[in-house]
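Using the sequences and the accompanying hints, generate a full structural model.
Chains as they are written, first to last, in this note's numbering: chain E, 8 to 307; chain B, 8 to 307; chain H, 15 to 274; chain C, 15 to 274.
Some clues are possibly wrong.
Stated by the list, open to error - Cβ-to-Cβ under 7 angstroms is the rule here; a few derived chain B residues that face chain E:
| # | residue |
| --- | --- |
| 1 | Pro70 |
| 2 | Ile92 |
| 3 | Thr200 |
| 4 | Val206 |
| 5 | Lys209 |
| 6 | Leu220 |
| 7 | Val228 |
| 8 | Arg231 |
| 9 | Glu254 |
| 10 | Leu261 |
| 11 | Ala262 |
| 12 | Ile303 |
What the hints assert, rightly or not - Straight-line distance between alpha carbons at most 25 angstroms, and here's what the computed DSS-like set of lysine-lysine pairs gives:
| # | chain 1 | residue 1 | chain 2 | residue 2 |
| --- | --- | --- | --- | --- |
| 13 | H | Lys245 | B | Lys216 |
| 14 | H | Lys105 | H | Lys21 |
| 15 | E | Lys307 | B | Lys209 |
| 16 | H | Lys245 | B | Lys109 |
| 17 | B | Lys209 | E | Lys297 |
| 18 | H | Lys29 | H | Lys78 |
| 19 | H | Lys21 | C | Lys93 |
| 20 | C | Lys245 | E | Lys216 |
| 21 | C | Lys105 | H | Lys93 |
| 22 | E | Lys96 | C | Lys17 |
| 23 | E | Lys209 | B | Lys307 |
Stated by the list, open to error - Selected chain H positions facing chain C (Cβ under 7 angstroms, derived; list incomplete):
| # | residue |
| --- | --- |
| 24 | Asp36 |
| 25 | Glu61 |
| 26 | Ala62 |
The hints are simulated quantities; they were obtained by calculation from the structure and are not laboratory data.
Where is the CB? At the ideal position from N, CA and C, for every residue including glycine.
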Amino acid sequence: MNTSVNLCGVELKNPVLECSGTFGSGMEYSEFVDLNRLGGVVTKGVASVPWPGNPVPRIAETPSGMLNAIGLQNPGIDVFCSRDIPFLKQFDTKIIVNVCGKSAEEYIQVVDRLAEEPVDLLEINISCPNVKEGGIAFGQDPKSAEAITRAVKDHAKQPVIMKLSPNVTDITAMAKAAEAGGADMISLINTITGMKIDVNRKTFALANKTGGLSGPCIRPVAVRMVYQAAHAVNIPVIGMGGITCSEDALEFILAGASAVAVGTANFSNPRATLDVIEGIEEYMRRCGVKDIHELIGAVK
Amino acid sequence: MNTSVNLCGVELKNPVLECSGTFGSGMEYSEFVDLNRLGGVVTKGVASVPWPGNPVPRIAETPSGMLNAIGLQNPGIDVFCSRDIPFLKQFDTKIIVNVCGKSAEEYIQVVDRLAEEPVDLLEINISCPNVKEGGIAFGQDPKSAEAITRAVKDHAKQPVIMKLSPNVTDITAMAKAAEAGGADMISLINTITGMKIDVNRKTFALANKTGGLSGPCIRPVAVRMVYQAAHAVNIPVIGMGGITCSEDALEFILAGASAVAVGTANFSNPRATLDVIEGIEEYMRRCGVKDIHELIGAVK
Amino acid sequence: MAKYMEKGVVLSQKKLCGGIYDLVLQTEHIAAESRPGQFVSLYSSDEAHLLPRPISLCGIDREKCTIRLVYRVVGYGTKEFSGLEPGDRVKLVGPLGNGFTLSDKKALVVGGGIGIPPMLETAKALAFSGMKREDIQIVLGYRDICFLKEEFEQYGTVTVATEDGSTGTKGNVLDAIGAYKLQGDVIYSCGPAPMLRALKAYAKEQGMECYLSLEERMACGIGACLGCVCKSKDVDHHSYVNNKRVCADGPVFHAEEVEL
Amino acid sequence: MAKYMEKGVVLSQKKLCGGIYDLVLQTEHIAAESRPGQFVSLYSSDEAHLLPRPISLCGIDREKCTIRLVYRVVGYGTKEFSGLEPGDRVKLVGPLGNGFTLSDKKALVVGGGIGIPPMLETAKALAFSGMKREDIQIVLGYRDICFLKEEFEQYGTVTVATEDGSTGTKGNVLDAIGAYKLQGDVIYSCGPAPMLRALKAYAKEQGMECYLSLEERMACGIGACLGCVCKSKDVDHHSYVNNKRVCADGPVFHAEEVEL
Numbered sequence: 008m009n010t011s012v013n014l015c016g017v018e019l020k021n022p023v024l025e026c027s028g029t030f031g032s033g034m035e036y037s038e039f040v041d042l043n044r045l046g047g048v049v050t051k052g053v054a055s056v057p058w059p060g061n062p063v064p065r066i067a068e069t070p071s072g073m074l075n076a077i078g079l080q081n082p083g084i085d086v087f088c089s090r091d092i093p094f095l096k097q098f099d100t101k102i103i104v105n106v107c108g109k110s111a112e113e114y115i116q117v118v119d120r121l122a123e124e125p126v127d128l129l130e131i132n133i134s135c136p137n138v139k140e141g142g143i144a145f146g147q148d149p150k151s152a153e154a155i156t157r158a159v160k161d162h163a164k165q166p167v168i169m170k171l172s173p174n175v176t177d178i179t180a181m182a183k184a185a186e187a188g189g190a191d192m193i194s195l196i197n198t199i200t201g202m203k204i205d206v207n208r209k210t211f212a213l214a215n216k217t218g219g220l221s222g223p224c225i226r227p228v229a230v231r232m233v234y235q236a237a238h239a240v241n242i243p244v245i246g247m248g249g250i251t252c253s254e255d256a257l258e259f260i261l262a263g264a265s266a267v268a269v270g271t272a273n274f275s276n277p278r279a280t281l282d283v284i285e286g287i288e289e290y291m292r293r294c295g296v297k298d299i300h301e302l303i304g305a306v307k
Numbered sequence: 008m009n010t011s012v013n014l015c016g017v018e019l020k021n022p023v024l025e026c027s028g029t030f031g032s033g034m035e036y037s038e039f040v041d042l043n044r045l046g047g048v049v050t051k052g053v054a055s056v057p058w059p060g061n062p063v064p065r066i067a068e069t070p071s072g073m074l075n076a077i078g079l080q081n082p083g084i085d086v087f088c089s090r091d092i093p094f095l096k097q098f099d100t101k102i103i104v105n106v107c108g109k110s111a112e113e114y115i116q117v118v119d120r121l122a123e124e125p126v127d128l129l130e131i132n133i134s135c136p137n138v139k140e141g142g143i144a145f146g147q148d149p150k151s152a153e154a155i156t157r158a159v160k161d162h163a164k165q166p167v168i169m170k171l172s173p174n175v176t177d178i179t180a181m182a183k184a185a186e187a188g189g190a191d192m193i194s195l196i197n198t199i200t201g202m203k204i205d206v207n208r209k210t211f212a213l214a215n216k217t218g219g220l221s222g223p224c225i226r227p228v229a230v231r232m233v234y235q236a237a238h239a240v241n242i243p244v245i246g247m248g249g250i251t252c253s254e255d256a257l258e259f260i261l262a263g264a265s266a267v268a269v270g271t272a273n274f275s276n277p278r279a280t281l282d283v284i285e286g287i288e289e290y291m292r293r294c295g296v297k298d299i300h301e302l303i304g305a306v307k
Numbered sequence: 015m016a017k018y019m020e021k022g023v024v025l026s027q028k029k030l031c032g033g034i035y036d037l038v039l040q041t042e043h044i045a046a047e048s049r050p051g052q053f054v055s056l057y058s059s060d061e062a063h064l065l066p067r068p069i070s071l072c073g074i075d076r077e078k079c080t081i082r083l084v085y086r087v088v089g090y091g092t093k094e095f096s097g098l099e100p101g102d103r104v105k106l107v108g109p110l111g112n113g114f115t116l117s118d119k120k121a122l123v124v125g126g127g128i129g130i131p132p133m134l135e136t137a138k139a140l141a142f143s144g145m146k147r148e149d150i151q152i153v154l155g156y157r158d159i160c161f162l163k164e165e166f167e168q169y170g171t172v173t174v175a176t177e178d179g180s181t182g183t184k185g186n187v188l189d190a191i192g193a194y195k196l197q198g199d200v201i202y203s204c205g206p207a208p209m210l211r212a213l214k215a216y217a218k219e220q221g222m223e224c225y226l227s228l229e230e231r232m233a234c235g236i237g238a239c240l241g242c243v244c245k246s247k248d249v250d251h252h253s254y255v256n257n258k259r260v261c262a263d264g265p266v267f268h269a270e271e272v273e274l
Numbered sequence: 015m016a017k018y019m020e021k022g023v024v025l026s027q028k029k030l031c032g033g034i035y036d037l038v039l040q041t042e043h044i045a046a047e048s049r050p051g052q053f054v055s056l057y058s059s060d061e062a063h064l065l066p067r068p069i070s071l072c073g074i075d076r077e078k079c080t081i082r083l084v085y086r087v088v089g090y091g092t093k094e095f096s097g098l099e100p101g102d103r104v105k106l107v108g109p110l111g112n113g114f115t116l117s118d119k120k121a122l123v124v125g126g127g128i129g130i131p132p133m134l135e136t137a138k139a140l141a142f143s144g145m146k147r148e149d150i151q152i153v154l155g156y157r158d159i160c161f162l163k164e165e166f167e168q169y170g171t172v173t174v175a176t177e178d179g180s181t182g183t184k185g186n187v188l189d190a191i192g193a194y195k196l197q198g199d200v201i202y203s204c205g206p207a208p209m210l211r212a213l214k215a216y217a218k219e220q221g222m223e224c225y226l227s228l229e230e231r232m233a234c235g236i237g238a239c240l241g242c243v244c245k246s247k248d249v250d251h252h253s254y255v256n257n258k259r260v261c262a263d264g265p266v267f268h269a270e271e272v273e274l
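Structure follows, in structure tokens:
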């Protein structure tokens, strides 16, 4: 039985990753999950310098989901390179660094700094709804998305994944823009912008007013967009959005995702990534699937 | 205690409606709900001629929500005028007719036909994701939305509510377009396009592949968009999307909605509209709110 | 017929065989208003699962005001219901749908798989109407293990088909009808779509009246949302587009009325 | 300190007073690894409610491997937990957070509202460390009804403040400390933000060491998601941005370390 997938020359032992921002750099979750079992670890977004993020409350629960407005708090690329990469290098898994920035220059600074690091893939976050500048501004307009992709690609030494926002009218236009800019892959969906109001306290549940909605609640939107994007471009698609178990992951794979990522489910089940991996293997055994590639995009 | 709201000259006894398509014309629900209690009844979308809708399955459950792809099955305006309007006239509630069409001409035919009918408000559906032509095509582009609004307004004898789609990059642009076209009000959100795949049968859960996502799962997106829209325009906003109880309804009202509508919750609780009305009254008593207008847009 | 939203109280529940459960609920009003072939909508207590689960009535006791539901565990909702214990409460709405219109014609009562339970109350109603036992031919199609069979035998002559041949005729209900040359003037049936399709063809060929109870994904369950339509020969009286509503115009249809 | 995800088995649950419940869980590993001031994350069994509910440890029995949680019903999750009965199972992760670092200095153990429960295990640990009873001054602030008070009296001298004046000093814990001129070298405390802010100011004024246990909305509960930060005086060792993680760097902080 083959569960490995090759993403632009990077061979993952299985197609299961986790979503940036839900798993740190894996340190905390390594108490629950053997990181060697994962197809890869996608790190929390890292910028050129430390970012303090947003005020609290940063978290609110919603029906079958949650809102977050962390605001990409991160230690900056220097600490990241000296601490997080060496930590991850101890494990037999691929390292995918999520990169954030407020301008093309900031993205490029991080990408340049990572050029000589033992990093397998870069995921460029142009879709965070919780920071005022950069991020989603690049992710809601095809022209900007194409331009930032091209700028990053001109510098990147590793294959580049562009992470797309679902907060758009036409996800296929965004996917094609990333492809046109030279992206090696795309990943989607990032969170959907949402808001919760505390009616008793008559105020916003989040200090930032709005936050990013994630969890099983958004899975139908994510599956739809992954399906549309996979049919719109010829580069691999990494699917995510509300995956809690192997059945959920298989929805994305059947819709056309070459790999999947587990996000919010890590919070409700720290072992969720392993449950997904084991469940996919069991499904393949039960259905007589010899190679995961038989499933990728099988529902048309 | 005053719960009545005046929407462009139409006085609702309370701000609670139900969402088009979830309540028929009220006949079936009248076994569970005294329609006289409602602020108004929003009918299922009606077109110039009967529409057969989509093949089954039309329904799929999702986490804290559901997908539907009914495809606006309806009997056409003639049957509607001879059967549904007389039925609704028996009750002391406002009649809001939801109008659908595949072209400006079709919308206008229905609007013209309703000119002499005892109908209080028109809601123009430019946001149904489940029909191939018309509908959402008008609802995802500000220029088209403005044009269809103006065309409808030129003919309408009743105040016009434009029902907006959440499947857009910028809801404020759509809200402003409707306002620029002369809309008297806007209502939002319609469903978010989604997809579910049955991994065991390896096929789509819906015959139409995609459907509209509704239910509590989308409420944070709806509250956010209602808040944004209410701050972008000077016409009243009717809020909807995942309202199941009075607290949910109050989120929308505090975010800026002058009225609210209960949709998918009717399926899980046929009495949901009444529960919302009673809950709002109880909240107002408990918090010493004398007039519902004190709450509209109170969270800024 | 009025419809009610209630909290039913579990009186008993047992497992009949792999995945098939037998649940008896005390209702306030529903049982008194119910007839064979109707169904109720049961609701999950889990907030992530919103839609009603339509379950047919396997038994109705109007005097005690209880209903009996025999159902298969197929997903989250039915799994949850299978864990209900005496004294537990479950939200339900009913009675829903039209039910069977019974006559005193010589009857073939046909059930397949999880379409068998509603035929029990149907067979009982026929028997209690005073029809002769030999005029109630009951045909039950199972995958393997036979459930409810002994109870059906109270009301008529029972012929069984099993897919694996472990009991009765090996094959489906049509094979059993053919093998025993079962006769009747009217068919009342519930079961999977292929079985209903075959029965419709058979009835036409034999010139028999035939009623089919259909299944479809539902949202409201009361005829408002138009989620659960089937193609009909005549225009429907809701939308005039040849789409009858399984929940409200059905679930029982004259075979010639619907396209399968 | 290892963390575990387990299914805890309910041994007992009782209501202490309006909205306050006292739950004892049998754990497999968690109790043995726990210390005062730490917490566990409990999970709802409802699929619509995903996030863990952090609840502080009111009692730890390392030998029997049980933990005791005294919590207030404030929302869906805690309402659900309040319905748990002996034998029920509940998913939990723990032990989480740093807990109190105790010394043998003369202590003021201060709890306010639902911040009182974690101070019980803290007071017990001080008492069991061999400190003299008069060196453990316990100050408890309630709205009205006093819960756990008798249990605290086993471990030290208890002074009570109530908002309505029904027991002890009318007012808050600071009013009680002032009224009785309570002395100590170190404060261990948990309670609402205004109380902690006042204690921090008081400790500074008196030149006392002071530890505060904070609360914040959490998602992962283990330090990965950065959802529950507080402003810190020094750079944190995670992001180097003066944001300490309440779940992982706390919940207990030196008062001078954090901004409230």
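Query raised in the report: Which earlier hints can't be squared with this structure?
Result: 2, 12 and 24
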